[in-house]
Each structure stands twice: as structure tokens, then as C-alpha cells.
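Undergrad: Each chain, written out:
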Amino acid sequence: MTKRSTRAFFVASTAVCALIFLALTIDTHRKIPALTNQDALDAMVVAGKDVWHRYNCINCHTLLGEGAYYAPDLTQIAAQRGAGYLHEFLKDPSRFYSEDRDRRLMPTLNLSDQEIAQVIAFLTWVSKIDTQGWPPRPILVKGSAVPGAVVGAPAPRPASSDPVELGRVAFSSTPPGCAACHSIAPGVNIVGPSLAGIATTAADRIRAANYHGQAKDAAGYIRESIVDPNAYVLTGPTFSAGGRSLMPGDYNQTLKPEQIDQIVAYLLTLK
Amino acid sequence: MRYSSQRVAYWYFLVAVLLFGLQVAFGLLAVAKYLGPDPLRPWLPFDVVKAIHTNVLLVWLLTGFMGAAYYIVPEESRVDLYSVRLAYVQLVIWTAMGVAAVVSYLLRWTAGNKLLEQPYPLKIVIVVVMLMFLYNIGMTIRAGGRLTTTAGVLVAGLACTALLYLPALFEFQNYSLSIFYRWWTVHLWVEGVWEMIQGGILAYLLIRLSGVDREVLEKWLYVVVALTFISGILGTAHHYYWIGVPHYWLPLGAVFSALEPLSFFGMAVYAYYAMRRSGLTHPNRMALHWTIGSAIFSALGAGILGLAHTWPAVNRWTHGTMITPMHGHMAFFGAYVMIVLGVITYAMPGLTGRSEESRETSAGFLAFWLQVAGMFGMTMAFAAAGVTQTYLERILGIGYIETQLKMQVHFLMLAGTGALFAIGVALFVWDFCVLAGRPVPVARLDGLAPARPLA
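Those sequence lines, one after another, are chains V and S.
Residue numbering for the first sequence follows the numbering used here, starting at 10 and increasing by one per position.
Residue numbering for the second sequence follows the numbering used here, starting at 1041 and increasing by one per position.
Only chain V is shown next, with the shape it has when bound in the complex:
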């Protein structure tokens, strides 16, 4: 092999690769409008992109997984949190997170209401881009898709005496250990059925033909399924056997009546 032939190899292979790359770039231009909902790309979204750039968001956060790793990915944030929350958060992040507890805190950027609306429009548009299935599982800012997965976290303490809050804490405490079997994430069946949307499901169940319990409303159904799990049995390999629920049947004795009230109040919020 001579220098002449290696040079020819370099020139030819580079030219072929560059040509393929350019051809695919042209094709990408053709297909990108459909993949990114370009119809929805209005002046508001473009203004929001400018806000995104102006405040250097990319040097802490990732978007579409690209950026810096100091703060959470925001690809799906508009779909996860909604405009109302994001507006309040951007006004004052320190209301939601604490530097003492979380070690990091987003600076308050003093955005105008208009800039906030613009950047939310931009993030909403981004959340609808066809990302070829990425991320394969939702990336959460805080908490966990699986209750109890956050090991080592301090024992949950109720933030108020609100029954719903007390119920939330009781649900994830052991005893009674509800969260050991029931997730509140859709489709995540640990061993018992997921309780995502249980308030809505309960209202439907008591109207079903095969329901033989005493409950008249969703609250009644949830209470009944805690104190008498066999009143209505869900079939599933880990839910029941021989028509009997596998859930402990003694919560009527081990839980105080007010605790049951609180757990019911909490589960009723899962619509």
C-alpha cells in the first residue's frame, strides 16, 4: 500500500459518507414538520424558546435529554405538572423546594407573567415532539413511581392535620403497610392491584352487576374493601385465590376508626 492509495481511500470514503449524511439531512428536513407538530409551532412557542435561551436554562437542565445534569430533565414537565403549577413554581421555586433538604435550589429568575406563559407554551410544544419513545419510563422530578422505593428517606411526617394528609402518611407507613402491596401508579401492580384512580373506579364498581356488597358510594366502597376485602374480590394471580382475597382481613381490629377514615379520605383523592 502506498501513500497515494491511502490518500485515495481517505478522499473516497469521506466523500461517500458526507454524501449519505447530506442526503439524510435533506430527508430529515422533509419529515421534521410531522415529527415535531410544526403546525402548533406558533409565535408564543418561538417566544418561549427565546426565553429558554435567554435565561440559560440548558446549562442546568436537560431538554430532550440534552443540556446540563444539575437539574431535572424537562422534556415531559408540561405534561406532568401542568401550566398552573409551573406558573407558580417559576414565580418562586423556593416555595416548592428547599436548599437545606434538597441541596440545590433553582434561582428565582424574576420572569414576567408573559415570559412564564411563553416558556410554558414552549415546554408544552416540546412535550409533544415524537422522541422515538424516549424516555422509556417517565423521568420524575421528585418522589417515585413505586411507593416505598425511596429508601432511607426520613419517616414521612404529616405536613398538616388535614385528614387527607394524615391518610397519605398512614398509607405509606408500616403498619398498616398499604404501600407494600398497592402502588398509586397506573399499571404498577406490586402484589395487590394498583390504586391509581381508585375513587373513579370505585364509583363504577358499585354499579356493576356482579357487585354484592353494601356500599352506596365510592367512599363506602373503599371503606368496605379495607375492613372486608372479600365483599368484592378482584381476580388476578396475586390478588385472590379460590374466590377469597389475599389481603389481610383484620384491619377492622388493627386500625383505629379515625385512621380508616383518613386512609379513605386520602384514597378518595386518587381520581
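Since the hints were made in silico from the structure, they are not lab data.
Bear in mind the structure is a predicted one, so any value in this text is a computation, not a measurement.
Here a beta-carbon is modelled for each residue, glycine too, at the ideal position from N, C-alpha and C.
Heads up, none of these hints are tricks.
Chain S stretches covered by chain V per the calculated footprint, using a threshold of three residues with CB under 8 Å from any CB of chain V: (1) 1149 to 1155; (2) 1255 to 1263; (3) 1286 to 1292.
For chain V, the structure is supplied; the task is to place chain S on it using the hints.
TA: Same frame as chain V, now just chain S:
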């Protein structure tokens, strides 16, 4: 050193080395913020520190590349530099641009596009400076009437660097499209034309340090550069997996990214072959360390650690986690930092009019080993953090904040090894600025014979 005009390289190297120190200082600041809480947050938040850390890196590496070209091209073309004055004017404007960029980030004036944060007027200055540089180098080669393959590859790499910066001047309304073209600059720089620059400098250093026949080394240089472009151009696809572009970029990225280590291994084998032939006899042992180090570290950092997460089925879980800086830090250090420090170390005895032996210092060697050890430890810390983050946050679905709290121990390790690295950098700066001596006056130079005969 054979031509007095090569002396401009010293001042380019000085600016590069000082900015290297600044870059690493901001790196330490960044890891302190990862440990948190951050008392500087109201005045100097993380985003500003990160932008300065990455931008100063790009500026100082380019300064080093340009200095290397000003040192290498006159020697290769056997003629004085076309215009020494133009080279100095260029350096002043370039340095002013770098300083202005840092100040503008501190004042929160930014284009906010990752790695291309430079405000628009500064982007124009970058283009102008690159044109000044290419004109000066082009006229030098023309005056000499001799263009070696080594100089040709180096200069072509720098010319393509300027060309590929042009997409950064355009504004795209569609964010996906703006990311698409951002990688034309960033990826095709670091996994394309900068490898050409690395290859050119490596070839030059190996010709000088090993004494292997130029024809043989230049023949294989073409093969190394060909491998770079075969894998690198279509390897851009690994940045296009999840950004809203068609699906065919996934299989394309998988295959061509898997080929990317070849070019880096090619360079490592290339250096090994040259050193085997010569038996490592060159008296500038510090330059030998950096040169061989570059070939090995870029094979590890850019080759293997890049490959570790470019396969789409892996990347869908690791994308946007600490796995990326694991690869990024070692790749940049191995491929570009070490080769620039190598060429600086090689050129210093000539620039300062000292013999190779008297130039050798223990501080210089310690700088090498501390940087190597520090960067190795940092890479391990990033890797541990990245694997933790991938499993907890991405696979188990635990929240970002809880996961980051679980990664604190890795950030501590990062801070420790980063401090080790920073000491190595400080020693290099001290060695360069204090121990190495000043460049010799022009009058004395022209009578000096080159330290070694030209190959």
C-alpha cells in the same frame, strides 16, 4: 526551532495554559455546587459556572491548536511565517473575545445554546479571527511552496473547524432542528475535524520524537483520518436518537458509533508502532509522556467510554445522565488537552533556547502524573454516579432529587479527584510560566541549529 517567527507560538501557548487554569478553577466551583448548598447562588449560579467551564475549554484548545499550527507550519513548509504582526493582532482579538465571552456570561448575556452560548457579535469575531488565521497560514504555505501531509491534515482540520462553526450563526425556530445543526458544529468538531488536528499534531510529534520515516507515518495518517470520517460523519447520528428526527438515525448511529473507537485505536497503535521502532530515545521525555498519554487516553475516553453508551438500547436509559460527562471529561482530556500539552512541551526547549535535558523538571512530570491520576479518578466518580443515576432514576423511576441525594458520595469523590487534577494543572502552569524560562530574543535565534535534524 528553525525560524524566528515560530516564536509567536509561545504567546498562544501562554494564553492557552492560563485559560486552562481558569477552566479548571470553574470546574472545581461546579462540583462544589453539586455538593451544595451553594452560598454563591444569587451571584454566580451553576448555569454561569458551567457555561464558562465549557466555553473556556473550547477557547483554550483552539488557542493551543492555532499556536501549534504557527509552530509546525513554518517548519514543515521551510519558510518564515507570512506575517508575525497579523498573528499577534489575531491573538489579541481572540483573547479579548474569550475574556468578553466570560464577562458576558457573568453579566447573564448568553445565546443559551449549549456550547454555542457566545453572544452573536462574539460569534462574528470568532469567524473573523479564524479567517485571519487561515489567511496567515495559507500565505505561509504558499510562500514556502511546500505542503507536507502532516501540515495539510492539521491545517485542513482547522479550516473545517471554521467552516463547521457557520451553522452556529443561524437561528432555527424549530428547537429540534436547532439541536440537529448544533451537532454539526459540536460533534463534527470533536469527533471529526478536531481528530484530524489531533492526528496532524500526533504525526508531527511522532516524526520528531521517534525518527520513524515520514513517508510511512504520513501514509498511515491518511488511514487514521479516513477511519475518523467514515465513523465520525455518520456517527453524528448518535446525537439524533431522541430529538424529534426520523427513526433511521438510530440504526445508523448504532453501527457507525460502534466504528468510532477504530480511529482512536488506530492512533494508539500508530503511536505504539512509532515508539517501538525508535525505542523511546528522544531526550524530551516530558513531551513523549504527553504524546503517548494522548494516544492511550483518547482510546479509553473517546473510544471505549464513548462506545459504552452510544448503542441505542443502552442510550435510551443513559441519555442525559452522568454517563455523558464520564465519557466527555476523559475524551476531551485524552484527545485534545493532552495533545496540546504535548506539542507545547515539545516546543518549549526550542522556544526558550534551552537544551532538552535542562528543560526537564520534576514539576513537569508531577503535573503529568497528577493530571492522569486525577482524570482517571474523576472518570470513575462520574461513572459510579452515572450508573447509580441510570438505575435509580431511569430504571426504577425514583425522582431526580432523591437520586441526586444518593449520588452525594460520588460527588465527594469527584471533588477529591478533581482537586488532584487541579493541582496537576497548577503545576503545569507554574512549570510553563516560571520554570521553563522566557522565549529567546529573535536576534539569537537565527544562528541556532535545530535540536535534532529534520526527518
